[in-house]
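K.L.:
As they're listed, the protein sequences go chains A and B.
Here UniProt numbering is used: the first residue of the first sequence is 1, the next is one more, and so on.
Here UniProt numbering is used: the first residue of the second sequence is 1, the next is one more, and so on.
Some hints could be false.
One copy or two, it doesn't matter: identical chains are merged, so the pair holds either way.
[To be verified] Below, a list of computed lysine to aspartate or glutamate pairs in the DMTMM-like style, where the Cα atoms sit at most 25 angstroms apart:
no. : residue 1 : residue 2
1   : 108       : 87
2   : 27        : 42
3   : 119       : 23
4   : 79        : 91
5   : 151       : 239
6   : 119       : 297
7   : 163       : 195
8   : 68        : 18
9   : 151       : 298
10  : 119       : 296
11  : 108       : 53
12  : 27        : 226
13  : 151       : 241
14  : 119       : 298
15  : 249       : 268
16  : 222       : 195
17  : 151       : 206
18  : 119       : 18
19  : 68        : 23
20  : 119       : 6
For the record, the hints were derived by calculation from the structure and aren't laboratory data.
There are 2 protein chains.
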Amino acid sequence: MRSNLEIIQECDNFPYPDLTNNEAYTKATAPLWLFFLPDDPEPHGFLIQSVIDRMPWTSSFRLDPHRKEVHLLKAEGRKNWQAACNEAIDELLDLARAQNAFPRLGRKRDEYFPIVGAKFDIGIERSAMSLFGIVGQGAHMTVYTRTSTGKMMFWIPRRNANKSTYPNMLDQAVAGGVATGETPFECILREAGEEAALDEEVVMRDSVAAGTVMWWNVSDEKAGGEVGLMNPGVLYVYDLEVGPEVVFKPVDDDIQSFHLMSVEEVRDAMRNGEFKPSCAAVMMDFFVRHGFITAEDEGDYVEIVSRLHRRLPFWLSPGR
Amino acid sequence: MRSNLEIIQECDNFPYPDLTNNEAYTKATAPLWLFFLPDDPEPHGFLIQSVIDRMPWTSSFRLDPHRKEVHLLKAEGRKNWQAACNEAIDELLDLARAQNAFPRLGRKRDEYFPIVGAKFDIGIERSAMSLFGIVGQGAHMTVYTRTSTGKMMFWIPRRNANKSTYPNMLDQAVAGGVATGETPFECILREAGEEAALDEEVVMRDSVAAGTVMWWNVSDEKAGGEVGLMNPGVLYVYDLEVGPEVVFKPVDDDIQSFHLMSVEEVRDAMRNGEFKPSCAAVMMDFFVRHGFITAEDEGDYVEIVSRLHRRLPFWLSPGR
Chain A
1 MRSNLEIIQE CDNFPYPDLT NNEAYTKATA PLWLFFLPDD PEPHGFLIQS
51 VIDRMPWTSS FRLDPHRKEV HLLKAEGRKN WQAACNEAID ELLDLARAQN
101 AFPRLGRKRD EYFPIVGAKF DIGIERSAMS LFGIVGQGAH MTVYTRTSTG
151 KMMFWIPRRN ANKSTYPNML DQAVAGGVAT GETPFECILR EAGEEAALDE
201 EVVMRDSVAA GTVMWWNVSD EKAGGEVGLM NPGVLYVYDL EVGPEVVFKP
251 VDDDIQSFHL MSVEEVRDAM RNGEFKPSCA AVMMDFFVRH GFITAEDEGD
301 YVEIVSRLHR RLPFWLSPGR
Chain B
1 MRSNLEIIQE CDNFPYPDLT NNEAYTKATA PLWLFFLPDD PEPHGFLIQS
51 VIDRMPWTSS FRLDPHRKEV HLLKAEGRKN WQAACNEAID ELLDLARAQN
101 AFPRLGRKRD EYFPIVGAKF DIGIERSAMS LFGIVGQGAH MTVYTRTSTG
151 KMMFWIPRRN ANKSTYPNML DQAVAGGVAT GETPFECILR EAGEEAALDE
201 EVVMRDSVAA GTVMWWNVSD EKAGGEVGLM NPGVLYVYDL EVGPEVVFKP
251 VDDDIQSFHL MSVEEVRDAM RNGEFKPSCA AVMMDFFVRH GFITAEDEGD
301 YVEIVSRLHR RLPFWLSPGR
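Take the sequences, apply the hints, and build the full model.
P.N.:
Pasting the structure below:
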């Protein structure tokens with residue numbers, strides 16, 4: 001049985017800087033390489049040494065082993081050097097796949113995710129995000145209904161057994177990655193239609209944006225891909241209360257079944273490690289916001305709330 | 001007109017450690033002294049040099065200028081050395097008042113706050129918390145009602161003009177410091193009765209615990225006390241929807257008036273700097289949780305959510 005803090009730690013498992021003993025954080029950050037884009041002094045990702053060693057770097061990249069930096073170079077003589085950056089990353093990953101440099105990289109899919117904090121539009125294919133340690137963005141909506149006595153019941157899907165990532169684990173009713181060119185709420189609308197067959201009008205009218213959950217995760221075996229990669233992440237969270245007339249059924253291969261679960265059943269499933277870790281964090285945040293976890297019954301309350309909202313390493317506000 | 005991020009920064013105004021340029025954080029933390037209790041390797045507060053210099057330290061304390069540490073010593077020959085710790089702090093502060101070491105310290109009040117993270121019960125009087133840079137704990141409840149068309153309206157008090165701290169500024173309807181021996185919700189119940197004359201049964205039934213807001217503040221002129229002190233803080237936040245039959249009126253000298261304000265009016269007041277900074281942070285968190293600020297209309301969304309939940313320097317989970 002995991003404690004609530006241990007549940008969060010499965011997702012947010014990278015050490016924190018500490019006032020009096022910084023050893024764990026320093027040891028964990030020291031071997032990381034930083035990823036840079038042209039004309040931009042801020043880094044946008046973390047690469048680990050084994051990725052540096054195995055990646056078939058092309059002439060579009062410059063490696064600085066002394067400073068542990070990878071720089072995507074500005075294409076000489078190309079007016080649209082930004083487009084060239086996109087091409088350089090694609091070319092590199094095609095080459096990596098051709099050489100089978102990362103056996104667990106997964107097939108190429110036409111899903112591009114933005115490089116967070118970049119000063120121009122640049123995307124990277126979904127499966128390669130973790131290799132560069134770029135902040136992943138998703139949007140998750142917790143969907144619930146109420147019994148005749150007002151008790152909250154959650155619509156919870158179970159992922160299919162054949163999923164490459166987190167098979168058989170519990171998830172949010174509506175969840176997906178925020179792709180290049182869409183906003184978090186557009187992602188919710190798309191996923192609500194594609195995966196949950198929810199009426200767009202209902203989602204537009206009744207869903208409530210409720211903040212974000214953030215973490216810094218180091219990938220493990222359950223994630224299905226390469227192990228030890230840096231996965232800082234943010235999920236934009238939404239709540240949706242639906243009436244009894246809404247019944248969820250699997251509409252594609254991602255989900256094997258939907259379950260209507262009480263607060264207590266969701267809590268037990270979290271404690272037993274049945275939820276995908278990022279989805280457990282979203283449920284925990286929901287429980288905090290709706291008073292199902294309180295300072296009175298949870299000694300780690302304040303620590304949990306801060307761990308659910310970790311400040312991301314590469315999220316730069318325009319106003320900063 | 002302040003941006004939402006600037007509003008948060010008025011409360012959370014201490015620098016953060018940064019991946020590539022740690023200068024501001026290092027410069028800000030370097031001159032701080034750490035405060036230690038007996039038999040405990042973890043620090044519990046930050047003192048600035050001018051407090052170290054002016055405090056009339058008694059023999060109950062040992063100063064280590066090399067390590068910049070203040071140690072409250074374990075009383076020799078006292079079986080209940082924990083009680084002696086409480087007495088030593090009281091004695092020190094009485095002496096400081098007698099010598100007028102801190103002209104803006106304020107009068108002694110019989111309100112004791114716990115030293116966060118301590119392994120035994122130890123309190124320090126409210127007005128002296130900031131001198132030791134101990135994490136302050138409060139509980140704030142945002143109270144709202146709905147118009148006949150469902151529009152949310154907030155009950156907002158204006159602090160009295162003669163308050164020593166943040167005179168004339170807007171506040172939360174129910175707000176107070178969590179004193180020694182009470183839980184956050186007990187604080188809400190006490191303050192709801194004392195300051196807002198709310199029916200305890202209504203608060204018990206309808207209030208919703210909704211998480212916490214945390215920051216690391218350095219005191220400025222508006223706070224009314226000494227300037228430049230370290231004030232890490234946590235507020236336990238609660239929401240309460242009331243019916244039209246509930247009307248707020250000032251019941252003591254702290255509040256001059258109550259106002260029923262719309263989302264837009266609250267937003268404008270925040271932008272104009274009319275809210276006490278920590279109360280503005282609580283309102284901002286409410287707006288985030290209830291979808292009045294979204295990723296679509298706020299470029300700093302993720303940064304704001306993380307800044308509202310800063311990981312505190314001295315909050316140690318039992319399980320850590």
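K.L.:
Decide, hint by hint, whether the structure agrees.
P.N.:
Evaluation of the provided hints:
| no. | hint | result |
| --- | --- | --- |
| 1 | 108 to 87 | within (15 angstroms within a copy, 68 angstroms between copies) |
| 2 | 27 to 42 | both (22 angstroms within a copy, 21 angstroms between copies) |
| 3 | 119 to 23 | between (33 angstroms within a copy, 24 angstroms between copies) |
| 4 | 79 to 91 | within (19 angstroms within a copy, 73 angstroms between copies) |
| 5 | 151 to 239 | both (16 angstroms within a copy, 19 angstroms between copies) |
| 6 | 119 to 297 | between (45 angstroms within a copy, 19 angstroms between copies) |
| 7 | 163 to 195 | within (15 angstroms within a copy, 56 angstroms between copies) |
| 8 | 68 to 18 | both (23 angstroms within a copy, 17 angstroms between copies) |
| 9 | 151 to 298 | within (22 angstroms within a copy, 34 angstroms between copies) |
| 10 | 119 to 296 | between (45 angstroms within a copy, 18 angstroms between copies) |
| 11 | 108 to 53 | within (21 angstroms within a copy, 64 angstroms between copies) |
| 12 | 27 to 226 | within (21 angstroms within a copy, 39 angstroms between copies) |
| 13 | 151 to 241 | both (12 angstroms within a copy, 18 angstroms between copies) |
| 14 | 119 to 298 | between (42 angstroms within a copy, 17 angstroms between copies) |
| 15 | 249 to 268 | within (23 angstroms within a copy, 44 angstroms between copies) |
| 16 | 222 to 195 | within (23 angstroms within a copy, 52 angstroms between copies) |
| 17 | 151 to 206 | both (18 angstroms within a copy, 15 angstroms between copies) |
| 18 | 119 to 18 | between (31 angstroms within a copy, 19 angstroms between copies) |
| 19 | 68 to 23 | both (20 angstroms within a copy, 20 angstroms between copies) |
| 20 | 119 to 6 | between (36 angstroms within a copy, 22 angstroms between copies) |
Every hint, counting from the list given before, is met by this structure.
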